[in-house]
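Trainee: In case you want the letters, here they are:
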Amino acid sequence: MNYTFLLYSDPTKFADMTAEDWAREKEVYGAYIGALQAAGVFVGTDWLQPTSTATTVSMENGTARIQGGPFAETVETLGGYFIIDVPDLDAAIAWAEKCPAAQYGKVEIRASAMGGA
Amino acid sequence: MQGGGLTSALTTEARVAQVARASYGRLIGILAARGSDIATAEDALSDALHQALTTWPEAGIPDRPEAWLIRVARNRMTDAHRRALKTHPIPIEEHDLAMEPSSPSLPADPRLALMFVCAHPAIGHSARTPLMLQAVLGFTAADIARAYVASPAALSKTLTRAKARIKANNIAFALPEPQDRPARLGEVIEAIYGCYALVWTQGPEADSIQREAVFLADLLATEMPDDPEVLGLSALLAFLHSRRDARQVAGHYVPLSEQDTARWDHGLIHAADARLKQAFALGAPGRFQIEAAIQAVHAARAQTGQTDWQALLALYTGLVHLAPTLGAEVGRAMVAGQVHGAQAGLAALDALSPAHVARFQPYWATRAHLLSEAGQPAAAEEAYRSAISLTHEAPARAFLMAARARLQN
Chain A
1 MNYTFLLYSD PTKFADMTAE DWAREKEVYG AYIGALQAAG VFVGTDWLQP
51 TSTATTVSME NGTARIQGGP FAETVETLGG YFIIDVPDLD AAIAWAEKCP
101 AAQYGKVEIR ASAMGGA
Chain B
1 MQGGGLTSAL TTEARVAQVA RASYGRLIGI LAARGSDIAT AEDALSDALH
51 QALTTWPEAG IPDRPEAWLI RVARNRMTDA HRRALKTHPI PIEEHDLAME
101 PSSPSLPADP RLALMFVCAH PAIGHSARTP LMLQAVLGFT AADIARAYVA
151 SPAALSKTLT RAKARIKANN IAFALPEPQD RPARLGEVIE AIYGCYALVW
201 TQGPEADSIQ REAVFLADLL ATEMPDDPEV LGLSALLAFL HSRRDARQVA
251 GHYVPLSEQD TARWDHGLIH AADARLKQAF ALGAPGRFQI EAAIQAVHAA
301 RAQTGQTDWQ ALLALYTGLV HLAPTLGAEV GRAMVAGQVH GAQAGLAALD
351 ALSPAHVARF QPYWATRAHL LSEAGQPAAA EEAYRSAISL THEAPARAFL
401 MAARARLQN
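From first to last, the protein sequence lines are chains A and B.
Numbering (UniProt numbering) for the first sequence: 1 to 117.
Numbering (UniProt numbering) for the second sequence: 1 to 409.
A few of these clues could be false.
Result set (DSSO-like, lysine-lysine): computed pairs, CA atoms no more than 30 angstroms apart in a straight line [stated by the list, open to error]: (1) A:K106 <-> A:K13; (2) A:K98 <-> A:K13; (3) A:K13 <-> B:K277; (4) A:K98 <-> B:K277; (5) A:K13 <-> B:K157; (6) B:K157 <-> A:K106; (7) B:K157 <-> A:K26.
Reference listing, derived: stretches of chain B covered by chain A, where coverage requires no fewer than 3 residues with Cβ under 8 angstroms from a Cβ of chain A [unchecked claim]: (8) 149-161; (9) 391-400.
Quick list of simulated restraints, FRET-style, between CB atoms [what the hints assert, rightly or not]: (10) A:D21 <-> B:M401: 51 to 57 angstroms; (11) A:K26 <-> B:L53: 25 to 31 angstroms; (12) A:K106 <-> B:D79: 19 to 25 angstroms; (13) A:T12 <-> B:Q343: 55 to 61 angstroms; (14) A:K106 <-> B:D308: 45 to 51 angstroms; (15) A:D10 <-> B:L53: 37 to 43 angstroms; (16) A:T74 <-> B:P225: 52 to 58 angstroms; (17) A:E20 <-> B:D79: 24 to 30 angstroms; (18) A:W47 <-> B:T55: 40 to 46 angstroms; (19) A:E20 <-> B:G60: 48 to 54 angstroms.
Hints in this document: simulated from the structure, not taken from any laboratory.
Model, not experiment: these values are computed from the prediction.
Don't be surprised by glycine CBs; every beta carbon is placed ideally from N, CA and C.
Work out the full structure, taking the sequences as your base and the hints as a guide.
Mentor: In structure tokens, the structure reads:
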């Protein structure tokens with residue numbers, strides 16, 4: 001079963017980070033990804049550009065409405081995600097507890113609704 | 001030829017590194033004590049070490065390098081203080097340290113007070129272990145984050161906040177009053193244990209943090225030889241660390257009772273045994289002493305060639321009585337399975353609350369093993385599946401997958 005971890009955090013907390021800081025951050029996420037891969041449960045991940053760069057698309061009366069910015073302004077924003085393939089929610093929770101994002105933000109776990117995974 | 005100069009520069013650099021590692025916590029403890037300010041002390045010590053690197057190669061290494069570093073760091077702190085206040089200058093104090101090699105009249109090692117500060121009740125639980133690693137041993141936030149797979153940025157913020165709390169609340173750099181000591185010491189013991197136990201990756205940082213955790217426990221035991229649990233912690237970590245080279249072979253985790261005893265560190269085992277005897281002589285058993293005693297029984301296999309499961313069962317029963325953690329309960333069930341048969345072990349596991357064990361990997365690994373011993377391969381297969389899904393380290397996973405594969409034969 002695929003589970004998606006949605007990683008929410010407050011970007012203002014990381015506003016003062018240098019390129020070196022980000023490199024260290026990526027290294028730790030690299031270790032986490034490595035552990036997921038070694039366990040054979042890794043499906044995918046991405047680290048997203050800030051919500052200020054978002055483009056939101058909706059169709060209104062047959063016309064595309066394209067807006068700059070996120071669909072909703074919130075303090076904690078979606079900063080990235082992981083998709084992992086594990087047997088059940090307990091296994092997903094156990095991996096989410098190890099996710100670095102759980103220490104400074106929130107990890108929302110959502111099971112796949114596509115079925116037949 | 002530049003060779004001579006280069007060699008002497010390297011030697012000095014190595015000497016600075018050596019003084020820094022050996023003295024880091026002591027110097028931070030001394031520098032931070034007066035103003036309860038670890039962050040300023042760290043900056044000042046870092047400046048002083050930098051200055052040592054630039055001046056020692058030419059001027060020579062001072063007779064008492066620690067006293068030199070303290071003096072320079074103190075001057076830096078006074079300068080910084082003066083700049084911050086922007087008032088009339090504060091005279092630089094003559095440094096008032098007794099930096100002689102240890103003599104009986106010297107007060108306790110300043111690292112001891114620093115450990116109590118790091119594990120102070122005003123500091124959040126999750127900050128205590130990393131704070132100790134940084135303030136007492138000089139590990140950087142990035143090193144600690146790597147060993148624990150934590151966000152370095154978030155960890156830095158946690159550490160900065162903790163240091164700010166220490167300063168704002170003027171937390172004393174002193175040993176707690178005797179009536180507060182047992183509770184406070186318990187927190188210090190937990191934090192040091194965390195240095196060892198929280199590590200979950202292999203790598204140079206993890207190895208060095210675990211080695212230093214053994215050192216911290218040893219330091220605490222040397223300074224407080226009258227506390228049986230402190231001695232118990234020191235023995236426990238030494239026993240655990242003695243098996244660092246035997247825990248895995250060719251990428252596979254090796255369970256304790258199957259480890260090659262020739263790969264154990266027998267010197268460390270000897271030291272751990274001595275510490276444990278010292279603890280028991282004080283006549284007040286506790287959780288860490290019993291955990292150490294359990295490890296001592298396993299360690300005895302190096303001499304006797306066998307494991308005394310009866311003794312282990314008695315110790316685990318005592319441990320469950322004294323500190324009923326899930327880990328202790330599962331450990332007792334495993335040993336009960338060895339002594340009284342797999343069914344007895346399974347019965348002990350069945351008595352645990354399903355809600356508590358759902359994500360507890362040792363429960364599922366133990367259950368799988370006992371079910372397989374009890375001749376229930378289908379149920380064992382199910383339990384191995386759960387155990388594997390909850391296992392985050394590759395060697396343990398490889399071990400469990402091999403055990404599951406053997407079920408089919």
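Trainee: Look at each hint and say if it fits the structure.
Mentor: Now the hints, each set against the structure:
As the CA atoms of A:K106 and A:K13 are separated by approximately 14 angstroms, the hinted pair is consistent with the 30 angstroms bound. Restraint check: the Cα-Cα separation between A:K98 and A:K13 comes to about 21 angstroms, which is no more than 30 angstroms; the hinted pair holds. For the hint pairing A:K13 with B:K277, the CA-to-CA distance comes to about 50 angstroms; that exceeds 30 angstroms, so the pair is violated. A C-alpha spacing of about 38 angstroms is found between A:K98 and B:K277, which places the hinted pair above 30 angstroms, so the restraint is violated.
Our distance criterion of 30 angstroms between C-alpha atoms is met by A:K13 and B:K157, whose separation comes to about 9 angstroms. Proposed proximity of B:K157 and A:K106 is supported: the alpha carbons are some 17 angstroms apart, at most 30 angstroms. With a CA separation close to 17 angstroms, the supplied pair B:K157 and A:K26 stays within the 30 angstroms bound. For the region 149-161 of chain B, the proposed coverage by chain A is satisfied: 8 residues have a C-beta within less than 8 angstroms of a C-beta in that chain, meeting the threshold of three.
Remark: the region 391-400 of chain B is confirmed as covered by chain A, as 5 of its residues place a Cβ nearer than 8 angstroms to a Cβ of that chain, reaching the required three. Checked against the given bound of 51 to 57 angstroms, the beta carbons of A:D21 and B:M401, roughly 38 angstroms apart, lie outside it. Distance hint for A:K26 and B:L53: a CB-CB separation of about 30 angstroms, consistent with the stated range 25 to 31 angstroms. Our hint of 19 to 25 angstroms for A:K106 and B:D79 is violated, since their Cβ atoms are close to 43 angstroms apart.
Separation of A:T12 from B:Q343 is about 58 angstroms and conforms to the stated range, judged on CB atoms against 55 to 61 angstroms. The hinted window of 45 to 51 angstroms between A:K106 and B:D308 holds, with their beta carbons roughly 48 angstroms apart. Judged by the Cβ atoms, the range 37 to 43 angstroms given for A:D10 and B:L53 holds: they are separated by roughly 39 angstroms. Distance hint for A:T74 and B:P225: a CB-CB separation of about 55 angstroms, consistent with the stated range 52 to 58 angstroms.
In this structure the hint that A:E20 and B:D79 lie 24 to 30 angstroms apart at CB holds, the actual value being about 27 angstroms. Separation of A:W47 from B:T55 is about 44 angstroms and conforms to the stated range, judged on CB atoms against 40 to 46 angstroms. The hint said 48 to 54 angstroms for the Cβ distance between A:E20 and B:G60, and at roughly 35 angstroms that hint is violated.
Of the numbered hints stated above, those contradicted by the structure are hints 3, 4, 10, 12, 19, listed in ascending order.
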